[in-house]
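Note that the protein sequences, when read in sequence, are chains A and B.
Per numbering that gives the first Met the number 0, the very first residue in the first sequence carries number 0; after that it's consecutive.
Per numbering that gives the first Met the number 0, the very first residue in the second sequence carries number 0; after that it's consecutive.
Keep in mind that the hints were calculated from the coordinates and are not lab data.
A couple of the hints might just be wrong.
[As the list claims (entries may be wrong)] Quick list of simulated restraints, FRET-style, between CB atoms: (1) B/123 / A/114: 29 to 37 angstroms; (2) A/94 / B/189: 54 to 62 angstroms; (3) B/250 / A/106: 47 to 55 angstroms; (4) A/94 / B/272: 46 to 54 angstroms; (5) B/357 / A/44: 55 to 63 angstroms; (6) A/106 / B/448: 42 to 50 angstroms; (7) A/91 / B/189: 55 to 63 angstroms; (8) B/87 / A/103: 37 to 45 angstroms; (9) A/56 / B/380: 22 to 30 angstroms.
The beta-carbon is built from N, C-alpha and C at its ideal position, and this holds for glycine as well.
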Amino acid sequence: MNPQNKLSRRRFVQMAVLSAGGLSVFARCTKAYSDWRFFTGSEAKLMDALADQIIPPDDWPGGKESGVTNFIDKQLIGPYIRFQDTYRKGLNGIRESCKVLYQNSFESLDFDEQTHFLELMEDGKLTGDLWAGNFDRTFFKLFRDHSMQAYYGSSRHGGNKDNISYKMLKLDYPLIIGQNRYQN
Amino acid sequence: MENQKVNVVVVGAGAGGGVVAKELSTAGMSVVLFEQGGWISYDDHTDDELHSERNPVLGNSCGPDDKRYRRVNIHPDGSRHVVLPSEGDYNNISACVGSGTVTYGALAWRYMPEDFKMKTTYGDVPGSTIADWPISYDDLEPYYEKAEWEIGVAGDDRLNPFAPPRKKPRPMPPFTHNKEATLLRDAAIRLGYHPFSMPMLRNSIPYGGRPACYRMRTCIGYACPVGAKAGTHNTVIPVALNSGNCELRTHCIVSEIIVNGQGKITGVRYFDQNNKPGTQLADIVILSASAIETARLLLNSKSAFFPKGIGNENDWVGRNLQGHAYPHATGLFKEEIYDDFGPGSSVGICDFNHHNPGIIGGGYLANSFIRMPYSFAGVRPPGAKMWGKEHKIFQRENFRRMADVHGPFQEIPNFSQRIDIDPEVKDFWGIPVARLSGKTHEENVAGCTFMADKAELWLKEAGAIKIWKGSGISNGVSAGQHQAGTCRMGNDPKTSVTDKFGRIHSTPNLFVADGSLHVTNGGFNPALTIMALGFWVGGHIASEWNKGNRFK
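Let the hints inform the model, and build the full structure from the sequences given.
So this is what it looks like as structure tokens:
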């Protein structure tokens, strides 16, 4: 258990951020070796599957290929450090709920089953202590927002690989000052 | 090292403070201008939507930062939230040299004569603090003109029959419309409205040694890469610094106004760029830190002489906090209407600013700035999927077929929407933070519904095939980037905080020069009015000083 679980998240972040050297508390948070900054290997696989549900591949790449997992992983040790617990708890919740509902992992479900599960989550219909206080809805909204940021935001943060969403929207990018257009 | 005493300390280098510092330093007074942030370069964050001031999910590009700043927000249900500057509830304005004038959309409105006389125009409104300003449009007119010429505004009133009278045209011609705005302009004419190209603090031709706008995609929420957008940082503040009488101290946090043993204000305490405490003595102190932070500084400056905070004898400091609700409608068109000719917002109408049957106040309506892709991902008609295949297809099919019409509704102020000091939470420097509470007056619902209906009608006439709308009233405090009203000016010290020149009633030498002074907030973006008040307050102090008045 992480030490911050004893305090409310907000109170903790407040203390950690405002007190000098507070960030060192996070240094020993992660355990086994992982290719990722925050996620474990299996969490990252689950994130990839979630990302492809939020932004599915079609004629244009999906969330997984565009780097949604990388974006979120990167933010979780940066501006989104305050959401670390939420992701750890939420991803574990999805894993546990899928075990009970389908005797299978989320990634192993077929696409429409995955969609159905996420619709339950979005509507706050998952049951069990894991999701007390509408945490299913809260967590769904959080990773949905973060996935959209990754896919549609600036590629400098590790998502939107090759500016793929800008291409999809037929937006020239990057604009070159003075060259793309100059009127008046 | 001790700082030398100066004539004037100005707290905050934004729309008000930048102008005041220029007015006083060029009149020969010595000025120290404090700013909590630093100079901004476009290259630091470029066109990165996730750091833009409208959607700063990864942190504000122009400050304040999430590490050191906090506010508390009390929701209408009584729940208490500690909020970060990157969260909407913070009601942030950029913390940098120029402040909001670096990142604003640069709408350059003069308020209308009625906006200064809301009580005379509409009568008493139960439960509100509606009142007339102690100054009229005519009093402020010459100062609007100064702001338009010294900072630089493009626009032309000839197509707007509701424009208030003016003595001199603006220095630059108005902007041309893109495809979307042209469609809307033609539709407005068919409806009998009076569309025109809105005034902008942005160069339509080279002006003031800065180039013309080259119509890129991003503008509001971002610094300008070529300096075509005019703020105080690239106009009046450089003039102040060139006068040789003004020292700009960046990355300094003013924590308290100093009151001496005789109850006189003698300067400010602050933390410097190394977070070391310091003092700066001055004959005159001027607060231009924005409606929330100016009130916070007054309330945090408690002493035996001012036990409830300075100027707060009658509990008016921090009250009447107001911003703007944004009633809006979004329309989808059959054909592509997006031509990538930025930054977007240009066609407006003032047909509904006043004298709407059964409505108190009103506001202008206009097309909005270009929506960036992440922001557009949150825009869907009611009931549409917010993720998955359908959402992605919608994004792709409609990004270039969508128009927003919206406008700032003049809110009726009330006493309970306010900022005060949170008893627990402190910022990085140990200074108690602002706590926001209350909500907008119920009377505003009818007005915003009325405005949203008009926006819908306009889009329909322009050919939108699907339209949805909203009143834009937030469930909670309304402040945001248009925050105003917390130190309202007035003739009666019992029902206002400052006199008509921005001087705190109970002190001879402490002034306010920012949106805090607004009695009511107009149905317009407030920046040009804040600048005009800067010229008004600064001009008054300079002229008195040069007549020998030492404000003792």
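Next on the checklist: Flag every earlier hint the structure violates by its number, smallest first.
Outcome noted: Failing hint: just 1.
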